[in-house]
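Undergrad: Sequence:
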Amino acid sequence: MSISMSMCRLIRQPLISNVPCSGKKLNVRQIQKENVVLVMGATGTGKSKLSIDLSTYFPSEIINSDKIQIYEGLDIVTNKITKEEQRGVPHHLLGTHNPNIEFTSNDFREKSTSAIDSITNREHLPIVVGGSNSYLEALVDDDDYKFRSRYNFCCLWVDVSMPVLHSYVEQRVDQMLNNGMVNELRPFYNPNGDYSKGIRKAIGVPEFDEYFRMENLVDDESRKLLVEKAVSEMKMNTWKLARKQLRKIHWLKNVKRWEIHRLDATPVFKKSGKEADEAWKKIVAEPSAMILAHFLYNSSNTATNVVSSNLRVPISSQNVLAAATC
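Quick note, the numbering used here runs 4 ahead of the 1-based positions in the sequence shown.
Source of the hints: derived by calculation from the structure; they are not laboratory data.
Treat the hints with caution; some may be incorrect.
Straight-line alpha carbon distances no greater than 25 Å define the calculated BS3-like cross-link-like pairs of lysine-lysine that follow [said to hold, decoys possible]:
#1 115 x 239
#2 233 x 201
#3 252 x 239
#4 115 x 53
Label pairs and their computed distance ranges (CB to CB) [what the hints assert, rightly or not]:
#5 182 x 268: 45 to 51 Å
#6 76 x 282: 33 to 39 Å
#7 110 x 302: 32 to 38 Å
Where a beta carbon is used, it is the ideal one built from N, C-alpha and C, also for glycine.
Construct the entire structure; sequences and hints are all you get.
TA: Shown next as structure tokens:
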């Protein structure tokens, strides 16, 4: 099924500015907003997976907004998306910064805005994805209203019921342990116990402090107990993080009145293998693509065509000259 190029052109709302009423016809360049997608959700809900899925429909580049995945290192502990999982989609702000230097919300706003401009100049769609909602808030609701004056944005929220997510998060921590998490953590152990800056704030680093202090002073059984204690604390703190992230999303939606589209992925996490993949496509990936296509092209028919034909739609933009008459 084909889609005309006129339908494939991104729809952008003009930014209206006051024009002096001089009685003359003025030719003014109409400033058009670029489009940005935000993918949010608690840890472990599949945000990165969704961002890659969306790139199969729309030429996209991804900007990481996870405040720990920003840093170099701890790929297992921070659950960074692998090169294989990225499937060739360009990623920005992912494992790019010094793990010992704090990367603030202001830093994120500056770097992500620069990345968005670079991506839109290539006529690709910027998808900002991550669990650090404070970063997203700093980007969108900046003090000088710059973001909202320049960009339209669409928020997609991947949600999973807390009991189901709790079980999944615990399994994920166990898998991290099996994948070599302890050896990955060892170089980040700080004898001074300072885990307040940079990547050392990551869940897993402070929890294993006692283990690394004691591992050469105790027997094998004691070391095993110390690992079990650290893993238990990791699970508890990851669960606390998920609840905190969820509260922040509700606050952005209900108090700050962000328009956020919720995708309930709970049924996916109750399945496994091929059944889980099919459920994800049906109740998360395809509905998200529909929402996004309607946001970009302002057309229900186009949105349906994009999803039903699994067509990767080109992204293009043009500035328009407009005449203003007082």
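Undergrad: Now, for every hint given, state plainly whether the structure supports it.
TA: Results for each hint:
For the proposed pair residue 115 and residue 239, the alpha carbon gap of about 31 Å is over 25 Å, so the pair is violated. Between residue 233 and residue 201 the alpha-carbon distance is near 23 Å, which keeps this suggested pair within the 25 Å criterion. Taking the CA atoms of residue 252 and residue 239, the gap is about 20 Å. The hint holds against a cut of 25 Å. Of the supplied pair hints, the one linking residue 115 and residue 53 holds, its CA atoms being roughly 23 Å apart against a limit of 25 Å.
At about 30 Å, the beta-carbon gap between residue 182 and residue 268 misses the expected band of 45 to 51 Å. Checking the proposed 33 to 39 Å range against residue 76 and residue 282 shows it holds: the Cβ atoms sit about 36 Å from each other. Taken as a hint, the range 32 to 38 Å holds for the pair residue 110 and residue 302, whose Cβ atoms sit roughly 34 Å apart.
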